[in-house]
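First to last, the sequence lines map onto chains A and B.
First residue of the first sequence? That's 2 in my numbering, and the numbers climb one at a time after it.
First residue of the second sequence? That's 572 in my numbering, and the numbers climb one at a time after it.
Think of the hints as simulated: they come from the structure by calculation, not from any bench.
Wrong hints could be hidden among the right ones.
What the hints assert, rightly or not - Computed spacing ranges between beta-carbons, pair by pair:
1) A/D194 x B/D631: 40 to 46 Å
2) B/Q586 x A/S335: 24 to 30 Å
3) B/D679 x A/R25: 36 to 42 Å
4) A/R63 x B/A678: 37 to 43 Å
5) A/R141 x B/E710: 33 to 39 Å
6) B/E710 x A/P22: 45 to 51 Å
7) B/G693 x A/P22: 43 to 49 Å
8) A/A331 x B/R639: 17 to 23 Å
9) A/R63 x B/E710: 32 to 38 Å
10) A/D258 x B/Q700: 28 to 34 Å
Note that this is a predicted model, so its numbers are computed, not measured.
The beta-carbon is built from N, C-alpha and C at its ideal position, and this holds for glycine as well.
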Amino acid sequence: MSASATNTLTVVISQAQGRNPAKRRLEDDLAQALLAEPGISVTLVPHLYDMSQNHSGLQFVREVRGELLVLGWLYERAIRWTLDRAGVRGRLAETLLRTADETADEDDEDGDDSDHDDRQPGGIGSVDVPDRALWCIDFRASDKCEDFVTEIRRIRDAGQQVDVAGFDLLSWIGGNPSADQLQRYLQPERLLDARRNSDGGAASLEDRALLPEDTGRRWYPVIDYSRCTNCMECIDFCLFGVYGVDALDRILVEQQDNCKKGCPACSRVCPANAIIFPHHKTAAIAGADGEVSGLKIDLTKLFGGDEGESAIEMAVKERDRELILDGRDAVGMSVGVRQRHREQMDQLLADLDALQF
Amino acid sequence: MQQPFVFMMGQYEAQMPADRMYSKRHLWLQSCGPQIYRVGFTAYSVRLLQDVYFLEWSVDEGAVVRDRQEIGEVESAKAVSSMFPPSAGTILRFNPSLLRDPSGINADNYGSGWLYEFRPDGEPLTAEQYLEHLRTAWEDAQRTIKGQMNEG
Numbered sequence: 002m003s004a005s006a007t008n009t010l011t012v013v014i015s016q017a018q019g020r021n022p023a024k025r026r027l028e029d030d031l032a033q034a035l036l037a038e039p040g041i042s043v044t045l046v047p048h049l050y051d052m053s054q055n056h057s058g059l060q061f062v063r064e065v066r067g068e069l070l071v072l073g074w075l076y077e078r079a080i081r082w083t084l085d086r087a088g089v090r091g092r093l094a095e096t097l098l099r100t101a102d103e104t105a106d107e108d109d110e111d112g113d114d115s116d117h118d119d120r121q122p123g124g125i126g127s128v129d130v131p132d133r134a135l136w137c138i139d140f141r142a143s144d145k146c147e148d149f150v151t152e153i154r155r156i157r158d159a160g161q162q163v164d165v166a167g168f169d170l171l172s173w174i175g176g177n178p179s180a181d182q183l184q185r186y187l188q189p190e191r192l193l194d195a196r197r198n199s200d201g202g203a204a205s206l207e208d209r210a211l212l213p214e215d216t217g218r219r220w221y222p223v224i225d226y227s228r229c230t231n232c233m234e235c236i237d238f239c240l241f242g243v244y245g246v247d248a249l250d251r252i253l254v255e256q257q258d259n260c261k262k263g264c265p266a267c268s269r270v271c272p273a274n275a276i277i278f279p280h281h282k283t284a285a286i287a288g289a290d291g292e293v294s295g296l297k298i299d300l301t302k303l304f305g306g307d308e309g310e311s312a313i314e315m316a317v318k319e320r321d322r323e324l325i326l327d328g329r330d331a332v333g334m335s336v337g338v339r340q341r342h343r344e345q346m347d348q349l350l351a352d353l354d355a356l357q358f
Numbered sequence: 572m573q574q575p576f577v578f579m580m581g582q583y584e585a586q587m588p589a590d591r592m593y594s595k596r597h598l599w600l601q602s603c604g605p606q607i608y609r610v611g612f613t614a615y616s617v618r619l620l621q622d623v624y625f626l627e628w629s630v631d632e633g634a635v636v637r638d639r640q641e642i643g644e645v646e647s648a649k650a651v652s653s654m655f656p657p658s659a660g661t662i663l664r665f666n667p668s669l670l671r672d673p674s675g676i677n678a679d680n681y682g683s684g685w686l687y688e689f690r691p692d693g694e695p696l697t698a699e700q701y702l703e704h705l706r707t708a709w710e711d712a713q714r715t716i717k718g719q720m721n722e723g
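The shape of chain A in the complex, shown without the other chains (with noise of 0.2 Å):
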């Protein structure tokens, strides 16, 4: 594949975990459609939310140049923001595929919009964005292949004329060790194919030096930085050195793999719902978007009592759970916890107005 310079939009196709086989089929049968389509290159790579930092399929779609479309088993939100946690960015572009019962209907009046911008107020946003545009497409939004395809080809004939090739092989040649590594990105028949005889238990050699590298599952917070106020609520809460500060002295998850599996304690006390656990069980904790048409209302804390506890209890209790496990003492309220000025209801709570009485 030579570099040339046509407008190719590069479809990632992020994995499910495990081997579901009615998301591997969906997974299969859009590479496979994408594969005949001019304009497109389509990869498959492992779940995007655990490749580690250095994983090859995570350095692959760092290396795609002009525009991207990533694809997971994901919220939008949450494929958007472990992507920029990874230094893959670009102005986020609509998607009319969505999980939300409604598409969103702003329209971009001003047409060229270089400058979108989801940022909440007090939101710090994100750093050195490219201007090439990156769109996030939940695999739930649907289960039929053709809507994912429709919506690709939309995108792909919308697309600004941007001279820039799909992904830039040579520069890796030239110098990335890591090359060989990547070239299989380049091939997804030959990944498609390898990935059926894996599942078959029929890999050849050939097929397992293909495949990617495995990946674990992982747990660790993901940060919204269009919603991140950079209070440090989180990183004085969080006493098992999760967070720390870059060199602007922005909140940063520092030490992924020091956080607690199943906990989501500093998502819970993050008073802008900023940090986001991709696979916790509650949709505003995974990052279903904080807007009345996507999110479905955790009526939890109603049927389990009115007694029940806030977001700050459960956030104390959860935390102290994993001290406890750790060897350490519990330490309740005391550390970490500032004095809110708001009622401590679950926030998910809040939606219940969407319901219009």
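Start from chain A and add chain B according to the hints.
Just chain B now, with coordinates in the frame of chain A:
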């Protein structure tokens, strides 16, 4: 038959039949045998949930459950929730027709849309007590909504 009690959720009239007992978990309990009650969602719950399309139990029939123990999950177009028993007690039997199609909850929440049969350890609330409880619960919910909207 005695008139049902009515609780106003904004413009919506949530009716609570007077012929049964209730729980703070927004469930009704109707006696169907010695110390055995049928349990179902009240109109308050159903109004919040709206159209239920998924219902799953995580305990088996015969399970002895604690208060606040999670016993299953319910999902509708608008909402998800874990489910909890009305109190500590024993879950005797699930409504088999809901296992096939949970929409019975919306069609007839006080009748054929019952959830399970249950032997509570304690005494359920009367309709009046539940109504009293709803007043506080509903105000809390609304106050929180307003508080957070102002912040946002």
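Checked hints:
1. A/D194 x B/D631: 40 to 46 Å: holds, 44 Å
2. B/Q586 x A/S335: 24 to 30 Å: violated, 47 Å
3. B/D679 x A/R25: 36 to 42 Å: Given about 40 Å between the Cβ atoms, the range holds.
4. A/R63 x B/A678: 37 to 43 Å: violated, 53 Å
5. A/R141 x B/E710: 33 to 39 Å: holds, 36 Å
6. B/E710 x A/P22: 45 to 51 Å: holds, 49 Å
7. B/G693 x A/P22: 43 to 49 Å: holds, 46 Å
8. A/A331 x B/R639: 17 to 23 Å: holds, 21 Å
9. A/R63 x B/E710: 32 to 38 Å: violated, 52 Å
10. A/D258 x B/Q700: 28 to 34 Å: Cβ of A/D258 to Cβ of B/Q700: about 50 Å, so the range 28 to 34 Å is violated.
Of the numbered hints listed earlier, those contradicted by the structure are 2, 4, 9 and 10.
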